[in-house]
Amino acid sequence: MSSESISYQVRIKLLQPALFLVALAVFSIASNASAQQTNPLASDPRAAGAGGVLFRAQCATCHGADAKGISSIDAPDLTMMWQQAGMDENRVFTRIQDGVPGSIMPAHDFPDTEIWMLVSYLRSVAVSGATEEFTGDAENGGRLFTAHCIECHRAGSGGGSLGPNLERITQRRSQAALRGSIREPNSSIGRGYKPIVLSTLGDTEVRGIIKGEDAFSIQILDSNQRLRGFAKSQLLSSDRDIDSLMPAFPEQQLSEKQLDDILSFLYQQR
Amino acid sequence: MNQTRASHQILRRMIKKSSYVAFGLLLPALTALAQDDSGPNYGDILQGFADPSRWLTYSGDYSGQRHSPLKQINTENVASLRPVWTFQTGTTTRGRGFETTPLVDDGVLYVTGSNNYAWAIDARTGRRFWQYRRNLPEDLTYGASAPVNRGFGMLGNSLFMVTLDAHLLAFDRRNGDILWDVELADYRVGYASTGAPLVLDGKVITGISGGEYATRGFIDAYDPASGERLWRFNTIPGPGEPGSETWPDDPEILAKGGGGTWMNGSFDPELNLIYWGVGNPNPDYYGDSRPGDNLYSNSLVALDADTGELKWHYQFTPHDLNDWDSNHMPVLADIQWQGEQRKVVMVGNRNGFFYVLDRVSGEFLLGKPFTATTWAREIGEDGRPIVLNDGSKGCLPDPWGSTNFMPPSFYPELGLFYLTARETCATIVPEEPTLEPGRASFGGVVFIDPEQGSGALRALDVQTGELRWEFTYPSPTFGGVLTTAAGLVFAGDHEGNFMAFDAVNGENLWHYQTGSRIWGAGAMTHILDGRQYVLIPSGTTLTAFALPER
Numbered sequence: 001m002s003s004e005s006i007s008y009q010v011r012i013k014l015l016q017p018a019l020f021l022v023a024l025a026v027f028s029i030a031s032n033a034s035a036q037q038t039n040p041l042a043s044d045p046r047a048a049g050a051g052g053v054l055f056r057a058q059c060a061t062c063h064g065a066d067a068k069g070i071s072s073i074d075a076p077d078l079t080m081m082w083q084q085a086g087m088d089e090n091r092v093f094t095r096i097q098d099g100v101p102g103s104i105m106p107a108h109d110f111p112d113t114e115i116w117m118l119v120s121y122l123r124s125v126a127v128s129g130a131t132e133e134f135t136g137d138a139e140n141g142g143r144l145f146t147a148h149c150i151e152c153h154r155a156g157s158g159g160g161s162l163g164p165n166l167e168r169i170t171q172r173r174s175q176a177a178l179r180g181s182i183r184e185p186n187s188s189i190g191r192g193y194k195p196i197v198l199s200t201l202g203d204t205e206v207r208g209i210i211k212g213e214d215a216f217s218i219q220i221l222d223s224n225q226r227l228r229g230f231a232k233s234q235l236l237s238s239d240r241d242i243d244s245l246m247p248a249f250p251e252q253q254l255s256e257k258q259l260d261d262i263l264s265f266l267y268q269q270r
Numbered sequence: 001m002n003q004t005r006a007s008h009q010i011l012r013r014m015i016k017k018s019s020y021v022a023f024g025l026l027l028p029a030l031t032a033l034a035q036d037d038s039g040p041n042y043g044d045i046l047q048g049f050a051d052p053s054r055w056l057t058y059s060g061d062y063s064g065q066r067h068s069p070l071k072q073i074n075t076e077n078v079a080s081l082r083p084v085w086t087f088q089t090g091t092t093t094r095g096r097g098f099e100t101t102p103l104v105d106d107g108v109l110y111v112t113g114s115n116n117y118a119w120a121i122d123a124r125t126g127r128r129f130w131q132y133r134r135n136l137p138e139d140l141t142y143g144a145s146a147p148v149n150r151g152f153g154m155l156g157n158s159l160f161m162v163t164l165d166a167h168l169l170a171f172d173r174r175n176g177d178i179l180w181d182v183e184l185a186d187y188r189v190g191y192a193s194t195g196a197p198l199v200l201d202g203k204v205i206t207g208i209s210g211g212e213y214a215t216r217g218f219i220d221a222y223d224p225a226s227g228e229r230l231w232r233f234n235t236i237p238g239p240g241e242p243g244s245e246t247w248p249d250d251p252e253i254l255a256k257g258g259g260g261t262w263m264n265g266s267f268d269p270e271l272n273l274i275y276w277g278v279g280n281p282n283p284d285y286y287g288d289s290r291p292g293d294n295l296y297s298n299s300l301v302a303l304d305a306d307t308g309e310l311k312w313h314y315q316f317t318p319h320d321l322n323d324w325d326s327n328h329m330p331v332l333a334d335i336q337w338q339g340e341q342r343k344v345v346m347v348g349n350r351n352g353f354f355y356v357l358d359r360v361s362g363e364f365l366l367g368k369p370f371t372a373t374t375w376a377r378e379i380g381e382d383g384r385p386i387v388l389n390d391g392s393k394g395c396l397p398d399p400w401g402s403t404n405f406m407p408p409s410f411y412p413e414l415g416l417f418y419l420t421a422r423e424t425c426a427t428i429v430p431e432e433p434t435l436e437p438g439r440a441s442f443g444g445v446v447f448i449d450p451e452q453g454s455g456a457l458r459a460l461d462v463q464t465g466e467l468r469w470e471f472t473y474p475s476p477t478f479g480g481v482l483t484t485a486a487g488l489v490f491a492g493d494h495e496g497n498f499m500a501f502d503a504v505n506g507e508n509l510w511h512y513q514t515g516s517r518i519w520g521a522g523a524m525t526h527i528l529d530g531r532q533y534v535l536i537p538s539g540t541t542l543t544a545f546a547l548p549e550r
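Chains as they are written, first to last, in my numbering: chain E, 1 to 270; chain U, 1 to 550.
No lab work stands behind these hints: they were computed from the structure. Everything numeric in this text was worked out from a predicted model, so none of it was measured. Don't take each hint at face value.
Facing chain U, a subset of chain E residues (Cβ under 10 Å, in silico) [to be verified]:
hint : residue
1    : GLY102
2    : PHE110
3    : SER188
4    : ARG191
5    : ASP214
6    : ARG226
Partial chain U-side listing against chain E, Cβ under 8 Å, derived [as the list claims (entries may be wrong)]:
hint : residue
7    : TYR117
8    : TRP119
9    : ALA120
10   : ASP122
11   : ARG128
12   : PRO137
13   : GLY287
14   : SER289
15   : GLU436
No residue lacks a Cβ here, since even glycine has one placed at the ideal position from N, Cα and C.
Isolated chain U (complex conformation):
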């Protein structure tokens, strides 16, 4: 039996590694498979938007720019955009959103939903090929409070999805079968996972929730074929490790230091570095038990993609007391910066600042507020914020932040960074919590002023961080942003509107009421049979829009 299994495994490995020609030689009976669509490979993902009939990773490409080259829908005709179909998921997350970005390949959409549902959907009609629903345990911890998911990763005929009970799954994309299922961490302690896996060459990268429980965050890499773990980067250092000097000398505190990695990362293939945001330290609001900067909480980390080794980090909010996770999509771009070409990474942070960093070295280049902030108004020359208010005086950005994980977008030709801004006011009263496995430990109470709150889509000049234009919303908003090379910005708001704007001047050109808040998700776009589609998840629906057929 063992021999049989072993020989099968060898065969499977050969099947996976060999071309179909070799496969055919090996097993003549299988020549029918020669016409099989073997699915996108790493090179295809690397090409990003070169083939705009595909959208193969969360942001459409590794840069995190969420900027499509498609131009069929433009500023002249976008007013006639209309829904083509609506897909009903039948599952929802009360209080949050349908946060996914669908992937598309060969006319099929691969979509994840709340409560670990997932689907393959015909991109032409919105009709479903298959549905997956995970049997989740009844004693979920973090996963029960945020039962969301932000999307699949894809490689070949495999899809990858993380779960609310902190597993990573590989699917057969043709029928939704589970190929393998590995545990990331013990959900009962307070772990869950909700991000879209980042698929590289021979690696599936994923993060974990979340600093609200007394857990320790990490970023993991897994073998796409077997699910074997290749490396782990712990976001909170162990005793004696670099960064531990920013914590009390207490292994217990380090082991529960928080630092979730629940949003997705971006990747620079030339530098072979992945960029990933790290969340708040635990407890969220109570800092007396953890004096120090608390690295690498509230930081952006740059890791070697092959080893997980830390190359550099930049901490946005040292010793955070406001739950300002830095779990944002890092946006990579090569731009002119003060007369020279620079490889930069840009982050619109929950703490209210827009940052530009050198992504080779981590050098701080720019940090400028994009909303009202009272905790700090400037970043010192050493890259550290000049802190004015720890939270007790009120009117910081609230713990949901000046923006959050909803994806922003960068328009390279215009040099503008578009993000959803939230104007809020909160006062925080810290309180020492009891740390227990499986129980959240916020460490205080937040009073959010209901009278002060609004939202806006803002266009920032990346050279200066200055506001170029804005479109205001009546309430703080969690919708993400997409730009297209036709001069358009697509964005969603808390009231349920899906909208298109002129990227240059912010003029609203079109809107459609989806019937539910657009929360956490950014739109995606692709072209199929010569027709450009724009898709937005909202509430329990995914809707595809296109221009009328001629």
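This is chain E alone, in the form it adopts within the complex:
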């Protein structure tokens, strides 16, 4: 962080009541800037930093200091919201200003300038899809996907449901992260895909991923891709300390070139 932006943040903190006036002077914005405008701060590199300060003070309690959301209160991951259809800066501005009726997201009576700062900040932390180059052979990748992945993952209009839908995965995760997940699936298992093995009173073993749980029951999607609920009283044991249901694909099994091909295929599915 440059010293300039630090001093800018300090100034915001110290001069909070005067912030609007300062902003007026700095950015020359009309005080009644309408939500239909484009972000008047878009070209100012300091806006995102200032917005970040506001965000941590006003929004982080629900959306997390990293803007990635807090699932226990259904606060969405704001770094992902820009990928929603129809989402643009005006819409984000309106959401902040008006809140989300029927939810715990309130309306905010902030000056327009502060809201635009928040928009600038949220833009700066957006996960905005792949800009990386995909150089593999997508056609071969499609064949490999069919051979190795389609049983559990969906891409395009077909595939299984045990693992995450990979249709737009290249927009959400970097190639490096995706490579890591394919080589070593246990390194990071997403929420909603945590593995479990249940031993039932009938002495059968059921593998699956946890979809929900309370003190008395557990809900899983089993490895046969069937939704099943179990009363814990009907279980002999449950074991969560197990590997991801996704098998690892070491280099002997999938070469770097083949991995490139699969990623290129996935890139085409976005």
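Let chain E serve as the given structure and place chain U on it in line with the hints.
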């Protein structure tokens, strides 16, 4: 790339069409899928209640009777019925209701809610597997005024749901993923969709809202695999088409003639006909701009399931001026009628009459008022009502009707039709509206008399339309009805009570206060691990009831 996609599509088609054996041969690596539950097929839906552990379509089967064969809960033990679990949706529709009927298969409930939420829920515990919430546009039209939904359709591992922005969605039932998403119509003009899709062999049938906007209704069929539209029946004819003679000779008026199809239909597999109710013409209360009967508004239409071709229609309220949509669940039954076996369709109509029609030909057999009505007291021999009052003199059934879309039930062994009746009084003052895309055009003002209003659960003898018994409620009610072969009627009221009655004599045997009005929904029932459950949506909750475990 195109080739890859094409080969994938071929593969997917093969996967969808082939048995799992062929699938296994094709891709040995996928043999694990051989144990996969492929979900209910058309034959399973066709069987209806033959397997009462399932409830696979809105009414439980295609007939619309909402009559379950389950007998574990009976008139002797229903008094000990108790809640087993309550599911909280966290979403609500102020002023209306939680109108869905859950589907159940393999111990999992599939439930839609207000504001296009949806869930998969463990039927044993009420715990959720997944939740879906649609990101709806902020400029909804009809969908903003009635943000409700009446349920999923189901086929294989796919679920189908319509949306407030007038789309039809296919879901993967295992994780709630969207498989495809097609637009039914442009929501910005005034369209939305709220009914439960009717799934047939290779077709998903759905309707659309709603005659309060200057729109034109339709019934559509879509390919369950791809979402491709197979046919469309327009409920308001085009210029020169049959039925257009009942309208002014003006394409503009026809294109905005209303005729929503927002409730669900029933299906006769032998006749291959679907039966669907059509809503009011637009504008609702102002008729001077649309002289004529205004077909096929306020009608029941029978359509060929393969082509959408109209086989017959019956119009309950010609030239409607009272917003009496005929969007009711048509109830199909094969009954003895004046000494011979007849295939009939029965409708308890918003206009206050109970109707029996021949469902092969559409012939009018019976029409008899089941509430106080001042607009008409009898149907002529030609099947047309003898109109006494156009609305200006007051005390018709109000625009919400003598009943509405809340599902009724038919008990074949007793020959009784159970429905929720509303006793109301309203005066309508019509006023010419301006028709604009995206704006409602009621065409008048309604004055509902707050001093006159009550509700009742009524049992009608289908041979005569006579009232056999009733249980009265303190206010006009929107709760639906379920019957079971154990001699029970389950019904809900506006005050929040979920109740069980003796089907023969109407004696109230049990009630439970759910804490919110029961509105638009009928109960459903299924059996799981040998235990019969009865479920009712109410407010923001879905509650499952069963007898105490021994």
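> Which numbered hints does this structure break?
Replying inline: As far as the earlier hints go, 2, 3, 4, 7, 8, 13, 14 and 15 are violated by this structure, in ascending order.
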